[in-house]
Each structure stands twice: as structure tokens, then as C-alpha cells.
Amino acid sequence: MVDITERRSALESHYTAGTFGAECNGHPGVMLAVRRNLSIVHVAGKPDDQTFINAIKSACGCDIPFEPGSVSVAGSLSLIWLAADRWMAVSAEPDPGILEATLRRACDDTVAVIDASHASTVLRLSGPQARTVLMKGAPLDFHARTFTPGRVATTMISQCTVTLVCIDQDTFDLYVFRSFAQHMWEWLRDASEEFGYEVSDILSG
Amino acid sequence: MLIKCPWCGDRSLAEFSYQGDATIIRPSDPLSLSDNQWNEYLNLRNNPKGWHDEIWQHLNGCRKHFKARRNVVTHEIADTKPMDGSLQGGRS
Amino acid sequence: MNNPQIPQYRLPEGGRIDRSRPLSFSFNGRAYVGYQGDTLASALLANGVHLIARSFKYHRPRGIMSAGSEEPCAMVTMRQGSRIEPNIRATQIELYEGLVANSQNCWPSVNFDLQAIINKVSRFLPSGFYYKTFKWPKFLWMSYEKVIRHAAGMGKVATLPDPDHYDHMHAYCDVLVVGGGPAGLMAAKSAAASGARVMLADEQAEFGGTLCGRAEKISNKPAMDWVARVRDELAARPDVTLLPRTVVASYYDHNMLVLNQRTGEHLPTAEGFTPRQRIWKVWAKQVVLATGAIERPLVFGNNDLPGVMLTGAVQTYISQYGVLAGKNAVIFTNNDSAYDAAAHMHDNGIKIAAIIDNRKQTSPAAQKLSDRGILIFNNHVVYQAVGSKHVRGVNISPLNENGDKLSGGNIKIDCDLLCMSGGWTPSVHLFSQARGKLRWHETLTTFIPEKSFQQERSAGSCKGVWGLSDCLKGGAKAGAEAAKAAGFTKTRALKTPAASNHDMGDIRALWRVPQPPRSQTKRFIDFQDDVATSDIELAAREGYRSVELTKRYTTLGMGTDQGKTSNINGLAVLSEELGKHIPEVGLTTFRPPYTAQTLGAISGPERGGHFAPTRRSPVHDWHVSTGASFMPAGLWMRPAYYQQPGETMWDAIYRETKHVRSHVGLVDVSSLGKIDLQGKDSAEFLNRCYINGFAKLPVGKCRYGVMLRDDGMVFDDGTVSRLAENHFMMTTTTAKAGPVLQYLEYLLDVVWPELDVHVVSATEQWCAIAVAGPKSRELLSRITDIDMSNEAFEFMGVRQGNICDVPGRIYRISFSGELAYEIGVPSDWGLHVWESLMTAGKDLKVSPYGLEAMSILRIEKGHIVGAELNGRTTADDLGFAAMISTRKPFMGQRSLRKPALLEGERKQLVGLISLDGKTPIPRGAQIVVNPDGPTPVAMLGEVTSNCYSPHVENHIGLAIVKRGRQRIDEILWATSPLTKQRVRVKLCSPHFIDPQGERLRG
Ligand SMILES: [Zn+2]
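Residue numbers (our numbering), protein chains in the order written: chain A, 1 to 205; chain B, 1 to 92; chain C, 1 to 1002.
These are calculated hints, taken from the structure and not from any lab test. Every residue, glycine too, gets a C-beta built ideally from N, C-alpha and C. Do not rely on the hints blindly, as some may be mistaken.
[What the hints assert, rightly or not] One-sided excerpt, in silico: chain A residues whose CB lies under 10 angstroms from chain C:
# : residue
1 : Arg-8
2 : Ala-22
3 : Asn-54
4 : Val-111
5 : Ala-112
6 : Ile-114
7 : Ser-120
8 : Glu-194
[Said to hold, decoys possible] Once the Cα atoms are required to be at most 20 angstroms apart in a straight line, the calculated PhoX-like pairs of lysine-lysine come out as:
#  : chain 1 : residue 1 : chain 2 : residue 2
9  : C       : Lys-217   : C       : Lys-495
10 : C       : Lys-680   : A       : Lys-46
11 : C       : Lys-368   : C       : Lys-351
12 : C       : Lys-412   : C       : Lys-351
13 : B       : Lys-4     : C       : Lys-285
14 : C       : Lys-962   : C       : Lys-980
15 : C       : Lys-451   : C       : Lys-285
16 : A       : Lys-46    : B       : Lys-49
17 : C       : Lys-451   : C       : Lys-437
18 : C       : Lys-898   : C       : Lys-962
19 : C       : Lys-281   : B       : Lys-4
20 : C       : Lys-495   : C       : Lys-285
Please model the complete structure; the sequences and the hints are all you need to start from.
What follows is the structure, given as C-alpha cells:
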């Protein structure tokens, strides 16, 4: 038997922890990491359907974030706005079947519940120059007063679709389609070079 | 260009995909149409100088389609609305 | 350096250079020394080097005319080897240690250039020379072109890959200020004081604009002290971004501007981690244009000689670089700005031999100089500069009453520097790119901004304001207005410090200096493109009336300087020739970019392996480790074949093909598009999308479907599996994965919003592995708990269960025509499942196969791909007529009744087989009855797919042929005239293997 929580990240064989790029005397401008073993489930439903709203609230423990670009958090679970009728539930639960089943049970079949845990590679970008690195890639306004913790935006970096979540002032999660992960990883490393950057160990969850 | 997605707000043109003329409605019963009427729907488009109602998709964003009233001479965008909204302004 | 042979032109003190940091550099192989803070131009002038380049067309000697980005003459080739870069303005190159630059457009040297002979025969090289001369005979054009290409052109480009890296940046701001001179600094200061997010860009290394090169005072202190204070204040604000060395190149719609920051150009090599250049895309709510003005040359004989310079530039060389451009100057002007300059030069030790002013009266500004004993000639002109490689003197003459002829009585004055000032042209390039409307200003003799169409305003001399105090005030006002318009409503213009306010006085327009009778001396207008007055006069005589056409005919303003110094002069001369008022003739269009941009900067990080993203499947690493050869499929990198030791490429491909038909093979099909559909109207939606029905598809089954565009042409094909009553999984071809999803979203958002369906791409979630061949069932039954028996799991069934201990799905579908299954497992487990299959199937001789074998297998089976789904084929053309439902509406249905789709001559899918059993069928060949028949040969169709089939043991293909299905067994030709290949082919059914489908159902 294999342990099904032992999931192989798209970056597994391209990942080397350490400090790279310009000399930074122990103060890298950017920190990079990959977050592995997350459960990610897409939920699509009608925003005016009270049954749906209640079902999600009971399953996730938080309200659906209706405001475009916002995120609701309940403990280790985040409910992330993707579109007017679509959200992404993310938790650190390593067996994605559990989150999917919970949501599936809570909702009737006018609601789509789709496991996408393996569809995205989640990269964590942090450090004092993290916003500058994002500015290199995406045509979005990353000013600290505009893109604040708890905001999400889907945009393009280096010709790839990326969903960006601002975790705190200097920390961001990038949801990248799995097949693009290596390209995005290389791009992030190139863009971080001039500031000096550190690749930390793979984050489990 | 910056295009205002009705949900995501002002975003770069690079995130969007043009999806055609918003004034063309697909006939609900195509089989009842004559060849000419079908041809009109399928192939014939006006090419107005000035304001034009268009469908855009926020392809590399929330992926929703919406309507935009754009001046094709100046690229000014007077209004954007969800598909069931009605566009305001622009025409002088 | 105190070699008496070399005249020293560096002042002992002053300027914004650091004399404690000498830098050695090389120009044309000779070593020189300059200082930190120099440009290549200032360092060369300090060393007395004026001859920099040979001109584009006539190979005339050229020197340094200006001190900025308007420079049309001093173009050099920078750096060496892979970093070599031609056509760089010496006036913009910041000196660094070890800099290497060379002259271009000359051979063997700039001092002795053989092609300078062209200058002597230049009267045979008029405007449109190429158009007129190399027209006939036609067959010689190819030879002419080679000669012309060699003689023409400017510099040589690098042939090696560029080792440097380039960067892109995106930014948003409330106010972008373009230009860091007095108006721009004041605008930035005012806007920033309101709390607005401000960006300030200037093309020079140092802020200050004109102030860097003048002896101006602000608040009674050196103006540069004020500049430093404002710069430091701005830098201290967190919401201000200062961008020196940054040219604002382009102004696009919705206030999007593109900037180029020279991040590493001033460093010996941009190696390490600093990008060489960085492109900024800036979305600004408001823009302040403070782009300054450019001095105009005067148009007299030999005005292109080295040592003939713009007056303001000579001042800049003194103030900014402590360099004297000469020791004994003549100044030729039509306005007052040259008098400030003359005083400045005189104060710094340049002897002013004379000031030649075409205006009749001595202006108050001139009087001051006259009072200092400087010789001034009013109503006189310099009609010719004298010298061969450097100016040695000038010929001057009084003007007649009308000012259009010389009135005799020449005087020759010796000099080693000739300064000219023909007035100033506001830099309205960005304003015009932003569609702003210009107005001709009669007294300033130039165009100035009149009406804006974007969120921008001009301030300072780019608006025709000359006095320093007025520029500061205008900047403060524009900055405040911009901040206000950006939403900072309480903003007020800041107070401005005390400063001088000299203007240009009255200008006496003088567009062409009259010449003595029968003079052949050239008067240049566009120095970079070697366009002289005679070229424009000729164009006018030949009937050119439009300024746009004259520009292209004469090449006026078409060089890399975009005519910064020549536009107005050229336009004015054309107007005079046409007897029209200047604004009637109009100005040519200003187009981006303001200065030339390198391809490296434009492509930025998107080059090499990152030119486009590469998509990799979850099994990619395994393919790499087993030595697969890859081929691109869209953005995906997919294994083409797995070559074994001793095999050729074709050996490997045919081995893999045969192995699938005899044993079992694995192919990675993760790139195929997968779309998840949920919602209670999903079945109805699929019914409307496909030509065949899906409402009655049972749960646990899949079905092949064909999708049309609304014009009746086939859009894509694939399978749909029903996983639950309201849950389907659709597959698409690799190429159409994106477009099909987008199309479904369009239908749901726009056409049928009432349907309850949600579509989500599932391509990335699933690793897909096709297991094909007679042993595939046996292999799968070893690794899954799903009952694989033919009875329990029939053809076109789908099952969910454990596969290699992970949850997954198995679809019993076949692309190869063999007994086959497709496994879907979540991607993170894809590699684990692939490796487990390889291990579990060892005794069955399981083997991977690539796209090449897959392609042969599907051609043998007659399955269509992108080549057949080419947007011009209908369902009937491809043999799917029987699938078309008559009991429900679907997309494209109405178009099937269009007369063009009903006529009997349509091309239909058929198979081809090489008649002689050995000649390959050429790719893309035309199907004809007789390739040697009278031309044009009637074409019946074309080959869409071709291969050698190990199964048929012959060359086979698929083709789209007129009435093809009625031509089965006909013998025709497949001919490819371009590759000179042809073969006789027999038309047959496209199913070369198992037409009854017994293998895949067995
Ligand atoms: Zn959007």
C-alpha cells in the first residue's frame, strides 16, 4: 500500500533549498517555497441561493466571500473568491477526498463541487521584495494599500494564469496550474535574483 | 488599455479576450430562419465608427463574460456591465 | 596627459564630473581618459576628438552636434563580441572604465573612408534614387539588392546570443511626471505634496534637465543645489518612485506608458544580477509632460561639419562636463537664447570671434554682449562653414532687404567651433502619441500643444514656455492639477523659488540660408538620413505635396532619431517650396517609441526557454530519465519516441507502433483537455453542443462526440463520460482544450444563461495514461480493484476505483484501434501509477510509446486530428453523417442546410495507399488526376496525414478529396511541386486496420 498522503509536487525534482542570486548578507530580499499536500476544492453555485449559502457556511464554518477579490477564513480553511459564482476552498488536510466529500454532502446537485487539489501547484513568495517580484510579472496594482492581506486576484504572470492570495503584507501564495509550475518556478527565481533569495524547505500544508 | 471587469475592476487588456458584437442575439430557433436570415446572423456585422457594444471575457481573471460600450475610434470605454445589465452613457 | 600635441579642452574645475575618478576608454582602438560623470561625447570632446562617424548615405565626416537624445550624427557601435550594439548616440553613453566604442559606416577608418567617394558623385544620388535606378531589368533586382544592402544600413548587429538579461516591470500611479527638469521637478513636488503616488522619469542619469548644463541660479544659489534638495525630498517619500536613466518611449491608450530604464548600461558589463535594461509599463491616472525642448539647427552650407554644434549643447558641455567644445567660436543665431550662451561660453574661456544674427535689430540681450566688446553682425548669415574634417572658419554675408538672398560683401571669419541656434522645438512627441492636437505658434515658429485627448497636461518648455521662473510655476500648477484630477481634491500649487526668466526674444524665421549663385554646397536638414534642402526641393518639383509622402520619398525624419532636429526645418522648407503656410502642410505623425528600443528590452525575460511557457505532464521527469526525445504540442513538451541503444529514430518509432499492436504500450496523454460539467442541465447542454445525443447516455458509459461551430464546420471531437446523473467529464484534443472551455463558457454566459451547468477545466487535475494493446486488460487487472472482464467492463465504459492504491478512473476507449483503456489518476500520483504499470507489466513486455507511434496508430485506424479538423471540414466530410441527430437542436445545425454544405462536390475524408508500395506520400501534397496536365492543374484535394504503416507495410495517408467516397479504388497522384515529390496513390477507406472494430471490443 502507498500512503496516499505522499503526494509528489510538480517541483519535486527541481527543488533545491538554499540561498541564491545577489549577495544579500543573510537578508534575502525574497523567500520562495512550495506548499505541498493541500486540499483544494472548487465550489460553483448561485450566489442568490440561500440553501447554498447555508450549506457552505455549515461545511466550512465561514461565510461565502461574495465581495470580489476577498477571502473568508475559518481556522485552517480559506474560502477564496474566484468569480461571481465560484469559490475555492483550501485547507491543509492532506487527503483531498475528505474536503471534497464534506462539501459534496453539504450541497445539493445544483452546486458543483470539484476536487482540484492536484490541479494547482501552490508557491509561497515572501520577503521585503516580494511585491516588486510580483510587479515584474503581473499587470496589477500591488501597492501595499491596494492589494492587502485577505485579497485575492487572478491574473497573468509570464503568460501563465495565476491566482494570487495576499497572506500578509509581505507574503503571497501563487496558485499555478500544475503543468506550468516548473516554468513559473524558474521565472520566480530569475525575477528574484537581483535581490538575493532563499528557497526554504518544502512546506507541508 | 484598462478594462473594468464588472466584478474584478480595472484590469489590463492582456487579461481579456474580445468575444464579438453584443448587439447580435443568437436566434432561439435557427431552423425557422431563411438562408438569408441565418446568413445575416452568422456572417454580417456592422462596423460602426465610434461607439460599439461588445462582449468581452475576463479570460485570465474571473473568466466571466460581460458587455462593454467602447468607442472604436478613441478606445474610450464608457461602461461595462454583466451580460444581463444594460449599458449606459457613451452615445452623445 | 600634458602632451602638448593633444589640445586639452577640459576645464580645471567645474562641471558635474568627478575628477578624482579617471576612467580609461577606447575609441576606434585608441586609448583615452575621461572622468566619472562624462558621456562618451563629452570625454571625446575633452580629448579634442570631433570626428566620430561617417554619414549614412554620402559618408561625410560627422561630429557631435548635441548633448542629448536628439543627436543625429554621433552614432557609434558600442561594446564588442556578443554585446556589440550599433547606432548608439555618443551623447547618451555614460562613460565607464574600459568602455570600447567604434565608428561605424566607414571603411577602412572614419578618417579615411573609401565610400566617401559617394559624396563627390552625390548629385547622381538624388531622392528616390533607388526607386528610379534599380527598376529594370527585373531579373537583376536580386543582384542590385545585395549591393544596395551592403552599401546601405548603419552598423552591424551582434550575431551571438545576448548574454545580458532584461527585465519588465508593471506599475500604477496617480501622477506620472515625464522629465526631471525644472518644470517636471516642480510638478512632481506639487503632486507628491498632496499624497498622490508619483513617478518621475528622466532620460538623463541626473535630474535637473537643462539646469545640469546652465549657469542658472535658483533662490540666488546654484540651480543644481535646488535640484538636489527637491530630488532628496522626493526620494524620502514612500509613495514617490524616481526613475533616472529612464526614457518614456511610448504613450498608449488609457494612459498606459512604456518606459525604458537603462539599469545596467552605465556599468562595464551588466553581468551579475543587475538587468541591463528594464521596461516599465505604467498605468497613470494622470500624466504631466515636462519633456523640454530641442534646439533647431540652422540650414546653411556644410552645416554638418564636425565642430558645428547646437549652442545649448556647447553650454551643457561646459556646465555639466567642464569641457570646451572649441576655443574660438562663431555663433550663428536667429533668437536671443544664444546670447545667454555666448556670455556663458565667454565666461569660461571660449573666445567669441563673432555673433552672426539674421535679425535686423540688436536686441537688448545682444546689446549686453556688445557692451562686453563682442562683435555682433546683425542682418547677416553664415552661408557656409569651411573645412574638410573640422570647421576652420565661416563665410558670412549680409542679407538683402527681403532676407531671401545674400547681398554680397562676404567676410570670412576663422573659428574652430560654430554654434548655431535656429530657435527651439518643444518635444511634443508623447503629447502627439497621446493624440493631442497641436497648434502652430507664429512668433515661436513652432508647434505647441493645444488640446489633450488623454488625461495629460504639458508644463515648461515642451509647451513653449522658455523662462526658468515661468517653467517652475507652470510645473507647480500642472503637478497640482494632475493630483487634483487624480482625486486629491485639496491640492494646491506649491510656491516656486525665485529664478531668472529670460525668453528667446523675437525669432526671425530663417529656414534656408540663401547661397551664392551656382553653389553646390549641401545644406542639411536631416543629418542622420543625409537629407538636404535639394532633396526636398526636388521632391516638391516632382509633384510631392503631402508631407507624409515627402517624408517617405526623401526619408526625412525616418532615422533612429525620428527627426528630432529636422522635422520643423524640413516641413518649413517644403511649405516654402509649395508656397503654403506651414500649418496647411501639416506635421507628420509622431509614433512610438520616442527613442529606439532594443529587442532585448522588448522581449525581456520572455526569451530562450521562457519565450513561451513549457507545460510538463506529471510523468515528465520519467520521460526525461528514460531518454525520450521530445516534441512540442502547443505549449506541452511530449515524448515523441523512446530511442534504444543502436536504434535509429525510425527504428524506435516502428518498434513502438508494432509493440502496441502485438503486446501492450503506455502513452502519456495528460495533455488532452478535460472539462468537468456539473449541474442539472448538463445533459441538455451537451445535447446542444454535440451533433449526437447525450441525454440517454447511461451513468458509467462514455460516448464519442463531434462538436460544430455555428457555421457548420467541425470544431472539435472527443469523448464524454457520465460519472453521475448530473456529472460529466468531457475530453478535447490537446490543441482545443482552451478554446473548447472558452466556447462552453460563452454559451453558458451569453447564449443560454438559463441553463444550470458549471464547467471547470480538469485537465491539470488528472494524469492520463493510455494503455493500449492486446495485453492491456491483463496488465490493468493486476493493478486495480475494478473488474476488468469484458462482460463487466464493456467497450466505452467508465469505472471508478483504486488504481495502484490511489483513487482513479478507467475509461475503456481506444485511439489506436487496439483493445485499450485510458487511466485517469490525480496528478500528484501520476508518476507513481506510471512506474507501477511499468513494473507490473514487465513480463508482458509493457513499453512506453510516443507521439510518433501514436500518430501512426491513429492514421492506421483512420482517426482524425487537427490536420483533418482544419475548420473547413463538416461532419459529413469526415464521415460522421450517421451520427448527426435529427431529434434535437444543436450548435451548427442550421448551417448544415446552407447550399454550400449540400452541394455534391465537397471534399471527403479518404485513405491513401502508395501504389508502388515503396514511395512515401509527401506531407501536404495535392491530389490531382494528372500532375503533368495543362496548368493550372485541377486540384481534387490534399493529403492531411501521412506515414509509413508497419501494419500495412506500405506508405499510407489520409486525404480530403472531392467526392472522395465515390472515388474509392481510383488511382490518382499525390504531388508536391515545392518539394519536387510525387507518388501514384490508390484511394481507399480511411480504416486501414480492423474496420469492424473487433479488436477494441474483444
Ligand atoms: Zn473579472
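Hint check:
no., hint, in the structure
1, Arg-8, "holds (5 angstroms)"
2, Ala-22, "holds (4 angstroms)"
3, Asn-54, "violated (19 angstroms)"
4, Val-111, "holds (8 angstroms)"
5, Ala-112, "holds (4 angstroms)"
6, Ile-114, "holds (5 angstroms)"
7, Ser-120, "holds (7 angstroms)"
8, Glu-194, "holds (4 angstroms)"
9, Lys-217/C with Lys-495/C, "holds (17 angstroms)"
10, Lys-680/C with Lys-46/A, "holds (13 angstroms)"
11, Lys-368/C with Lys-351/C, "holds (16 angstroms)"
12, Lys-412/C with Lys-351/C, "holds (17 angstroms)"
13, Lys-4/B with Lys-285/C, "holds (14 angstroms)"
14, Lys-962/C with Lys-980/C, "violated (23 angstroms)"
15, Lys-451/C with Lys-285/C, "holds (18 angstroms)"
16, Lys-46/A with Lys-49/B, "violated (38 angstroms)"
17, Lys-451/C with Lys-437/C, "holds (5 angstroms)"
18, Lys-898/C with Lys-962/C, "holds (18 angstroms)"
19, Lys-281/C with Lys-4/B, "holds (18 angstroms)"
20, Lys-495/C with Lys-285/C, "violated (24 angstroms)"
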